[in-house]
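Using the hints provided, position chain B relative to the given structure of chain A.
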Amino acid sequence: MAKKESKQFKDQLKEIEKILEWFNAQEELDVEEALEKVKQASALIKLSKTRLKEVENEFKDIKREIEEE
Amino acid sequence: MEDEKEKIFTVSEYIEILNTFLKCEEIKLIGEVSQVQKAVSGHVYFSLKDQNSDAVMSSVIWKGNYMRCGIHMEVGMELLLTGHPQIYAPRGTFSFQADTIELRGEGALKKAYDELKKKLEGEGIFAPERKRPLPELIHKIGVITSREGAVIHDFVNNLGKFGYQVSLVDSRVEGQQAVKSLIEAIHTLKKKDIEVLVIIRGGGSLESLQAFNNEALVREVVNFPVPVIAGIGHDKDVPLVALAADVMVSTPTAATHLINYSWQEAYAKIGQMSQILTRVAQEIKRISADIDLSWSSIIDHVVERIEAIKQKIAFAEQTIKFNDPTRQLKFGYSIVRKGGKVVKNVRGVEKGDLLNVQLSDGSVESTVDRVTI
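Protein chains in written order, with the working numbering: chain A, 1 to 69; chain B, 1001 to 1373.
Just to be clear, a hint being listed does not mean it is correct.
As the list claims (entries may be wrong) - Ranges of calculated distance between the beta carbons of each label pair, as one might list FRET restraints:
| id | chain 1 | residue 1 | chain 2 | residue 2 | range |
| --- | --- | --- | --- | --- | --- |
| 1 | A | 18 | B | 1278 | 53 to 63 Å |
| 2 | A | 67 | B | 1273 | 31 to 41 Å |
| 3 | B | 1276 | A | 67 | 31 to 41 Å |
Derived from the structure by calculation, the hints contain no laboratory data. This one's a predicted model, so the numbers in the text were calculated from it and none came from an experiment. The C-beta atom is built at its ideal place from N, Cα and C for all residues, glycine as well.
Okay, chain A solo, but in the shape it has when bound:
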């Protein structure tokens, strides 16, 4: 995984983490803000899932290559 992509992925996970913390911290949910956060979180989760799938496939390829040697 390239360095830039790796940083992006880490940042996305951190952002998700922050949103979760935000939800946990709310005693009374602000619907408008909550909706905004849900939107953000959904987008980040989608990106993270895609990236994680790519990483997993890349790793499987490397593993197969090494084990075939």
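Relative to chain A, chain B alone:
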């Protein structure tokens, strides 16, 4: 038989017959030199007499034999001659024809030894810088010694099993008579394909080793085309042949050790190399096992990490879904907006306002008829 008794011989025929009889057996004759005449031809005519009587024997030694013996004959020397008597036909004189002459008496031998040693030293014959190194991993060996006796057995028994090719030339090794035999042996081996020449014999006194103090033999050794090892046992005075040889040892067994040495060293090196290779192979195996272990540990780490992130994302997905306000719409709740902003209470809502009501499957636009608190 009758015919033979009556036969009449000519002088030459008779002398020839006599000489044939006289030549039959080799005679050893000892006496003191009373007169010496060295002819221009190189032959030496001399008289040998008993020390305690007047008996005299006219004698001769031919140039080749005289040169080989390495003795400078002088009046008063005590000599042991080996040869046979003969009648010289042109003059009818009787004389002893010596094939070899050797000095008698320790004093005379020691004197001759010292003189020759000094002479050869002066020529640099024994100089260390003249010595040739022995080749490594010797394969073809020329050996000169007596086929009889323990010496050759000691040599053969101690020579390692390294596939040597030994050319043995049998030679006399005792007394002055051995010189001729030793020189012939050297000439024989000169023609053979050998890498080293070994001359060996057991220990002996100055008298018995005098062949090895012979000048002609020393020069043959010095001029031999390959290095020479001399393994000649001795008491006090080191034989001159041994001093002139490229390497001198005191026993035939020591000579074999010299020859075996480079082979034993080579085998030891092979053994060491083999140990090193085994160690390298073990190290490669160990490193390979370490790499396998590291690889497997890396795989475990990565799999664990991916799994952890997956779970984290799944958990986040669940939490977000749970906290999504639109989820409540399915239970009959709705979100009311005025001018795009969520209406949380009736304050700010007036009759006639246009409100947007979001439901689970769509939205409704409505106008406020009445506001109650």
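*Taking the numbered hints from earlier one at a time, note which ones the structure violates and give those numbers from smallest to largest.*
none
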